[in-house]
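Take the sequence shown: its position 28, counting from 1, is numbered 18 in our numbering, and each next residue is one higher.
What the hints contain is simulated information worked out from the structure, not anything from laboratory work.
Owing to the predicted nature of the structure, the values given are computational and were not obtained by experimental measurement.
Misleading hints may appear alongside valid ones.
If you anchor each label on the Cβ, the simulated ranges turn out as follows [claimed, not checked]:
(1) 10 / 30: 22 to 32 Å
(2) -9 / 32: 44 to 54 Å
(3) 28 / -4: 41 to 51 Å
Yeah, the Cβ is synthetic: ideal placement off N, Cα and C, and Gly gets one too.
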Amino acid sequence: MPELIRAIVGYITRHNTNPFIWIKTVRDILQKVIRANGQLNSKQNSTLHWLYIIP
């Protein structure tokens, strides 16, 4: 197994010249997702409200 891991890491090192680097923490990302989800839910609920008022 260690040999396979070395082979994979070596392949990635040679072929990925511009690796993605995370600049935000997991906590920051999840907080943003939670805020966005809350906003989307409130907008969706207000839109659905009008569906029931207008025949």
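These are the hints, each one checked on the structure:
Distance hint check for residue 10 and residue 30: the Cβ-Cβ separation is about 26 Å, which falls inside the suggested range of 22 to 32 Å. As the Cβ distance of residue -9 to residue 32 is approximately 49 Å, the hint placing it in 44 to 54 Å holds. Roughly 45 Å separates the CB atoms of residue 28 and residue -4, a value that falls within the hinted 41 to 51 Å.
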